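Once you have looked at the hints, place chain S on chain Z.
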Amino acid sequence: MLPRERVFAALEHREPDRIPWGEHSIDYNVYEMVLGRETLVQSKIRETKAYWDGRRDEVVEHYKRDRVDLIKALEMDIVFVGGVPGKGYQPKPMKQLDDETYEDDNGNIYRVSAITGDLMPYKIKRNPIFPLSDEDIKNRMESLEKQIEDVENAPIGDPNSSGWEVVHHVIKEMKATHFILLLVGDLGFPGFGGTEEEVWMSLLEYPEICKKIGELQGKRLVHQVQLYAQLGVDGIMPAGDLGSSTDLLASPKIYREMVYPWHKAHVQEAHKYGLKVLKHCCGHTWPVIDELAEVYDAYEGIQASGGMDIKLLKERVAGKLCLWGGIWHEHIISGSVEDIRNDARHAFGNAAPGGGYIMGSSHSLAVGAKYENIMEMKRCRDEWGVYPIDPKRFI
Amino acid sequence: MSEKISQAMSDLNEDMVKKLVKAEIEAGTPANQILKECQKGMVEIGKKYEEGVYFVSELMYAGEIMKDITAELEPLLKGDVESESKLGTIVIGTVKGDIHDLGKDIVILMLRGVGFNVIDLGVDVSTEKFVDAVKENKASIVGISVFLTSAYDSAKATVDALEDAGLREKVSVMIGGGPVTELVRQNTGCDFYGKDAAAGVEYAMDIVGAK
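The listed protein sequences correspond, in order, to chains Z and S.
Under this note's numbering, the first residue of the first sequence carries the number 1, and numbering increases by one thereafter.
Under this note's numbering, the first residue of the second sequence carries the number 1001, and numbering increases by one thereafter.
The set of hints was computed from the structure by calculation and includes no laboratory data.
Keep in mind it's a predicted model, so treat the numbers as computed, not measured.
Heads up, some of the hints might be wrong.
Pairs of lysine-lysine residues, derived as DSSO-like cross-links and limited to a Cα-Cα distance of at most 30 Å, are as follows [as the list claims (entries may be wrong)]: (1) 1067/S <-> 125/Z; (2) 1022/S <-> 1047/S; (3) 311/Z <-> 1048/S; (4) 211/Z <-> 1047/S; (5) 1036/S <-> 1047/S; (6) 44/Z <-> 1156/S; (7) 1048/S <-> 253/Z; (8) 1067/S <-> 211/Z; (9) 1040/S <-> 314/Z; (10) 320/Z <-> 253/Z.
Just chain Z, with the same shape it has in the complex:
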């Protein structure tokens, strides 16, 4: 089978010839370990500084070259792609305060993580806006209603713009053989406010406003699907998180009232264009797993450390929701090859038989991922992932 045939088989709950493998995010270190050369792809502060230096075209060339080469080197079946800054993009560099600290024009402070190299928000100015007056509430509702009315006529963007350069390159190079997955926007819990506390409290204090925000964002997501279809990808991945490592971030009731209808509408629109929808949703999602299974084609970011046991998931959603994951992100970084084998045994034995399973990390191949553990994932898939898969061999 071709890689793309494998992925479609898994998504359609048919057994492919072997378990497909994909990731939704791979950091620079993995490219450098596997390909043996430096890259700017997902290279954190280095990528940011390259944009500051006006080297946008160089960054994009690295994405085009190294994404394709890495997927081929690891024999993955899914190629994930996204938009990139358009030609000529060169933002003003932040002011550097010391070796690891930067300040933007608004006085917000950022720090480079000593661990990942990310430029992280460190001290961001936030001003509370609650409580809202009756007039504030009225004005906000009216503004949201107006924006909702305008969604249908809003431009969707040009599928041939330079922001889609990497997508077009990957489609040209790999669509004949591989499944092309586009990372897209999503709707999470639609809170608002001047501080993080207010964003979460707003779901309780101003539910009508939050519902309207959900409707606006949801309709925008639906409206954008036609653009993705024009790009020629096979599937889209909305990546809004709903859970922490222990529970949903907000109540299932709020999810069902404010978010679920728009997740459903988003997927229905994608399906009209023949696009599959593979949802990234790390964290603990048990309270809404039936809704996810009803709506999406696949569920990725299956966080075992958040209580999302792939065996129990398969028992609950087999035939409805393709499960994509199985190898603990934590084990890839700080575990041994034996940990990877144990994860593979558990996932392959419980989730793979019958199809409906794609191997992947429980989150991503991130900074700190060990080369030997990534290669062990590949070895397990190559040697144990050939169908038909007898679960008894993994006991």
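Quick look at chain S alone, frame taken from chain Z:
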């Protein structure tokens, strides 16, 4: 004093909590007793969060109610809020290299709510900052927050720094965050790992004998 305040607090009935607190103040009830009733409500809120009845929104809302009540009671408390009804001092921060703070902020909210004096060191906290904060504040408990798997080494380095500074025996160290497990606790040298914020609060209360 009836349990109505703690019940109203637990129910997140802000108007009722404020009405009852006002009534108790007018009736001459000592401010620290009123505060204790509110803190009992926070303990119940923590249990509801652990049980999956309450979520982040409810915790944030509870935190705002407690802030308002504490501000109202502060002028009436003998001494100040820092010294009255405090169970002890906890220093807490997200380790060097990691900027995730939601989990840390939730546990801080709950710890303050039940009566701890919490020194929030923020995110990307160096080992030196942890050590200095423990010394300056005479903290008895240290909370280490980790969200990135690759930040485990920073957590271990923090515990090692406490050891090197001669503070390790004087503090109880708890660790929490998305990827943290019992194995992580062992490998980093911490005393306790909290699977969620409520577990961390329960541990802290156990340490100070407040359970």
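Quick rundown of the hints versus the structure:
For a cut-off of 30 Å, the pair hint linking residue 1067/S to residue 125/Z stands: about 20 Å separates their Cα positions. The straight-line distance between the Cα atoms of residue 1022/S and residue 1047/S is roughly 26 Å, inside the 30 Å bound, and the hint therefore holds. Among the hinted pairs, residue 311/Z with residue 1048/S is consistent with the structure: their alpha-carbon atoms are about 28 Å apart, no more than 30 Å. In summary, the hint linking residue 211/Z to residue 1047/S is supported, as the alpha carbons are separated by about 28 Å, within the 30 Å threshold.
Only pairs whose Cα atoms come within 30 Å are accepted, and residue 1036/S paired with residue 1047/S is accepted, the gap being roughly 17 Å. Proximity of residue 44/Z to residue 1156/S is assessed by CA-CA distance (about 24 Å); at most 30 Å being required, the pair is judged to hold. This hinted pair checks out: residue 1048/S and residue 253/Z have alpha carbons roughly 16 Å apart, not beyond 30 Å. Proximity of residue 1067/S to residue 211/Z is assessed by CA-CA distance (about 27 Å); at most 30 Å being required, the pair is judged to hold.
Note on residue 1040/S and residue 314/Z: the hinted pairing is violated, with a Cα-Cα distance of about 41 Å set against a maximum of 30 Å. About 22 Å separates the Cα atoms of residue 320/Z and residue 253/Z, which keeps this hinted pair within 30 Å; it holds.
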